[in-house]
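Participant: Here is what each chain is made of, one letter per residue.
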Amino acid sequence: VVDQIRLWQIENERMKATPGFLFRDFENLKEYEACVRYADEIGVLTWKSDAKRMFFVTRHEQLRDYIKSRKTK
Amino acid sequence: MPRAIRGVLIECDPSIKSIIVQIDAEDHAYIVEELDDQTLVVKENMLTSLKMKLDEKLKATQIPVEESDLD
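Protein chains in written order, with my numbering: chain S, 3 to 75; chain U, 950 to 1020.
Take these hints with a grain of salt, some might be off.
Straight-line alpha carbon distances no greater than 20 Å define the calculated EDC-like cross-link-like pairs of lysine to aspartate or glutamate that follow [to be verified]: (1) 54/S with 986/U; (2) 54/S with 982/U; (3) 1000/U with 962/U; (4) 18/S with 63/S; (5) 1000/U with 960/U; (6) 18/S with 960/U; (7) 50/S with 986/U; (8) 50/S with 982/U; (9) 18/S with 973/U; (10) 54/S with 976/U; (11) 50/S with 962/U; (12) 50/S with 29/S; (13) 18/S with 1005/U; (14) 18/S with 982/U; (15) 50/S with 33/S; (16) 70/S with 43/S; (17) 18/S with 983/U; (18) 18/S with 976/U; (19) 1002/U with 962/U; (20) 50/S with 983/U; (21) 32/S with 52/S; (22) 18/S with 993/U; (23) 50/S with 35/S.
Read the hints as simulated data drawn from the structure, not as lab findings.
Construct the entire structure; sequences and hints are all you get.
Facilitator: Here it is, written out as C-alpha cells:
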C-alpha cells in the first residue's frame, strides 16, 4: 500500500493532466497568431507552439465563435 | 479552417513521456498528438487506463524491497 501511494505521488509530481482541445491546421501564421492571442485574452490558453502552429485550450466554445466571426468578415 | 481535437494535455518529465510513448506503441490507443519531449495530448476516455499502465511500468522498473524488516 505504501508503495502505491508513493507511485501516485511520483506521478502527480511528474505529470500534469489538463482536459481540453488541441487546435491545429491553421491556414497561415496570421490566423494562428490572432487565435492564440484571443485564447490568451479570455484565459483558456494552456500550451502553444509557434513552430508547429498548434495550441491547447481548456474551453473551445468562445474560440470557435471567434474563428467563425473572422471567417465571415 | 483550423481543427479542434478533444483530448487531455499531459505535461511531464521526458522520462515519463517516453514511457507513455512506449505504452502507446503497442496498439496506438492513447496518443492523439506528440507535441514536444515533455508535452503530448492523449484521448480523454483513455486517461485512466493510461495511468494504470504507467503505474505498472513504473513499478516494474523499481528495485524490489527486501522483506527482512518484517522478521
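Participant: All hints, please: hold or fail.
Facilitator: Going down the list of hints, with the structure as the test:
1. With a C-alpha separation of about 14 Å, the suggested pair residue 54/S and residue 986/U falls inside the 20 Å cut-off, and the hint holds.
2. Under the criterion of a C-alpha separation no larger than 20 Å, the hint pairing residue 54/S with residue 982/U is consistent with the structure, at around 12 Å.
3. Distance restraint check for residue 1000/U and residue 962/U: the Cα-Cα separation of roughly 15 Å lies within the 20 Å cut-off, and the hinted pair is therefore satisfied.
4. Among the hinted pairs, residue 18/S with residue 63/S is inconsistent with the structure: their alpha-carbon atoms are about 23 Å apart, more than 20 Å.
5. About 13 Å separates the Cα atoms of residue 1000/U and residue 960/U, which keeps this hinted pair within 20 Å; it holds.
6. Among the hinted pairs, residue 18/S with residue 960/U is consistent with the structure: their alpha-carbon atoms are about 5 Å apart, no more than 20 Å.
7. For a cut-off of 20 Å, the pair hint linking residue 50/S to residue 986/U stands: about 14 Å separates their Cα positions.
8. Restraint check for residue 50/S and residue 982/U: satisfied, since their Cα atoms lie roughly 13 Å apart, inside the 20 Å limit.
9. Of the pairs offered as hints, the one joining residue 18/S and residue 973/U holds, with about 18 Å between alpha carbons and a cut-off of 20 Å not exceeded.
10. For the proposed pair residue 54/S and residue 976/U, the alpha carbon gap of about 25 Å is over 20 Å, so the pair is violated.
11. Taking the CA atoms of residue 50/S and residue 962/U, the gap is about 18 Å. The hint holds against a cut of 20 Å.
12. Taking the CA atoms of residue 50/S and residue 29/S, the gap is about 16 Å. The hint holds against a cut of 20 Å.
13. Distance hint between residue 18/S and residue 1005/U is fulfilled; the C-alpha atoms sit about 18 Å from each other, no more than 20 Å.
14. At most 20 Å may separate the alpha-carbon atoms for a hinted pair to count; residue 18/S and residue 982/U meet this at roughly 16 Å.
15. The hinted pair formed by residue 50/S and residue 33/S meets the criterion: a straight-line CA distance of about 14 Å does not exceed 20 Å.
16. At roughly 17 Å between alpha-carbon atoms, residue 70/S and residue 43/S fall within 20 Å of each other, so this suggested pair holds.
17. With a C-alpha separation of about 15 Å, the suggested pairing of residue 18/S with residue 983/U holds against the 20 Å cut-off.
18. At roughly 23 Å between alpha-carbon atoms, residue 18/S and residue 976/U are farther apart than 20 Å, so this suggested pair is violated.
19. A distance of roughly 17 Å separates the Cα atoms of residue 1002/U and residue 962/U; the hinted pair therefore holds under the 20 Å criterion.
20. For the hint pairing residue 50/S with residue 983/U, the CA-to-CA distance comes to about 13 Å; that is within 20 Å, so the pair holds.
21. A hinted pair counts as satisfied when its Cα atoms are at most 20 Å apart, and residue 32/S with residue 52/S qualifies at roughly 11 Å.
22. Annotation: proposed proximity of residue 18/S to residue 993/U holds, straight-line Cα distance about 14 Å (limit 20 Å).
23. A distance of roughly 10 Å separates the Cα atoms of residue 50/S and residue 35/S; the hinted pair therefore holds under the 20 Å criterion.
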